[in-house]
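Following the hints, position chain B against chain A.
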Amino acid sequence: MTAVTYSAKDFKSDVKPVWCPGCGDYAVLSSITKAFADLGLAPHQTSVVSGIGCSSRIPAYTNTYGFHSIHGRALAVGQGLKLARPDLTVLVAGGDGDGFSIGGNHFLHACRRNVDLTYIVMDNRVYGMTKGQPSPTTESDWDASAMAPPGGTGMTPFHPLAIALAAGANFVARGFSGDPNGTAAIIAEAIKHPGFSFVAIMSPCITFREEQREWKDTMRKVAIDSTNDAAQAARRLMTDDGYNCGVLYRGNRVSYGKEKIATAQVADLDAEFTL
Amino acid sequence: MRRTPDFESVKTSADLLSVARLMEERSAERYRELAEAFEISCNLDTAEAFRMLAEGEDRHAADFPALVGDAPRTIPWGEDDPEIADPGAVHYLMHPWHAVDLALCHEQETLALFTLVAEKSPHAEVRAEAARLVERETRHVEEMRALRDAQDIPPEDWEDDDDPPNWEAGD
Numbered sequence: 001m002t003a004v005t006y007s008a009k010d011f012k013s014d015v016k017p018v019w020c021p022g023c024g025d026y027a028v029l030s031s032i033t034k035a036f037a038d039l040g041l042a043p044h045q046t047s048v049v050s051g052i053g054c055s056s057r058i059p060a061y062t063n064t065y066g067f068h069s070i071h072g073r074a075l076a077v078g079q080g081l082k083l084a085r086p087d088l089t090v091l092v093a094g095g096d097g098d099g100f101s102i103g104g105n106h107f108l109h110a111c112r113r114n115v116d117l118t119y120i121v122m123d124n125r126v127y128g129m130t131k132g133q134p135s136p137t138t139e140s141d142w143d144a145s146a147m148a149p150p151g152g153t154g155m156t157p158f159h160p161l162a163i164a165l166a167a168g169a170n171f172v173a174r175g176f177s178g179d180p181n182g183t184a185a186i187i188a189e190a191i192k193h194p195g196f197s198f199v200a201i202m203s204p205c206i207t208f209r210e211e212q213r214e215w216k217d218t219m220r221k222v223a224i225d226s227t228n229d230a231a232q233a234a235r236r237l238m239t240d241d242g243y244n245c246g247v248l249y250r251g252n253r254v255s256y257g258k259e260k261i262a263t264a265q266v267a268d269l270d271a272e273f274t275l
Numbered sequence: 001m002r003r004t005p006d007f008e009s010v011k012t013s014a015d016l017l018s019v020a021r022l023m024e025e026r027s028a029e030r031y032r033e034l035a036e037a038f039e040i041s042c043n044l045d046t047a048e049a050f051r052m053l054a055e056g057e058d059r060h061a062a063d064f065p066a067l068v069g070d071a072p073r074t075i076p077w078g079e080d081d082p083e084i085a086d087p088g089a090v091h092y093l094m095h096p097w098h099a100v101d102l103a104l105c106h107e108q109e110t111l112a113l114f115t116l117v118a119e120k121s122p123h124a125e126v127r128a129e130a131a132r133l134v135e136r137e138t139r140h141v142e143e144m145r146a147l148r149d150a151q152d153i154p155p156e157d158w159e160d161d162d163d164p165p166n167w168e169a170g171d
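Going line by line, the protein sequences match chains A and B. For the first sequence, this note's numbering begins at 1 and goes up steadily by one. For the second sequence, this note's numbering begins at 1 and goes up steadily by one.
So here's chain A without its partners, still in its complex pose (with noise of 0.2 angstroms):
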């Protein structure tokens, strides 16, 4: 018997996307259902959950099992699919706002936790979805649409990868949506990789940052190898102007739940919630 193989058509659904002509998240979709079919992954052998936001429509454009989840709660959804069927990759997709400032503890948390998972946000420094407001990303200074308050929030803009870093995040990694062959390889990796991966893809919103355009000439691919050194990892990113793509960081740490997967059925399960 012939095995089956997919490709990345075979994970794209019919629905067609309402992003704004130009967004960037359509070359982070096609990076996603690429690197599932470089994987040699079934659609039934996946999943994508998501919360809200422009970014978090993408389990409704996939062709596999699917969760439009909760504002911020993408990961705690993630984590629990992941412990109650092992069996499924799962991917977890979000914004920046939705993963850094709803779901910030979240994020925290499941860095720490280490649920053998990939967690992907489309980071464009800004809330499109509700037309421009600054994101926990955005620069402190950014004050370009009427949203934004006048001279910018003058907060320090979240660094994704420092905080996953330190918080214990097992992979992590900054790929760009104008390099979608790049980022497919660095997603199919993150999946590869034991435990939770963290990839920050920078993803363009050229509706509200039309200045976003320009990360097409400043995002730059890093020559350096990765690291399973945390301390090397974090005097990187001391460096890290927030423009360099590749795989920051490869720990060795062993996921959460190896030695509690699940063992319950799903009608045990049912038994205990009946009243």
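Simulated from the structure, these hints should not be mistaken for laboratory data. These figures come from a predicted structure and were not determined experimentally. By construction, the Cβ of each residue, glycine as well, lies at the ideal position given by its N, Cα and C atoms. Where hints are given, some of them may not hold.
Unchecked claim - Facing chain A, a subset of chain B residues (Cβ under 7 angstroms, in silico): (1) Ile40; (2) Ser41; (3) Cys42; (4) Val90; (5) Pro165.
Same frame as chain A, now just chain B:
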């Protein structure tokens, strides 16, 4: 995020043709995605222009022999594949003229790439095939230029939006 094309990875005429066909197919796919994005944005004229460009790329792809065996997993020039429209180059208010002008730029970049392959490939067979592709792409450039010139030229204030998504503070 530019990188030098990997000329060495295309070793035979068949390799080059399969890559060229895949480029056309990917280009058609991207134009189709853009057409859908513009439909969603209710810019239907530009959506129609991108759909027409997608159909054109489908025809270009069909000019090549069907692939035998597996399609190339990646194109040697990766994300710099010039036939693929850069989604960051579009604007939600753009006109059909802009869409065809974008396609013309990509055809010109493709012509430049095959010209480079015809000059620099280390394989004689590939250089000869690339020279034939240069003739073909030269025709595409001319056709695309004629198509663009047949479009209505957009007004100078085409980017102005009476209800902009992101207005300046104080407006």
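**Asked** Which of the numbered hints are not met once you compare them with the structure shown?
**Response** 3
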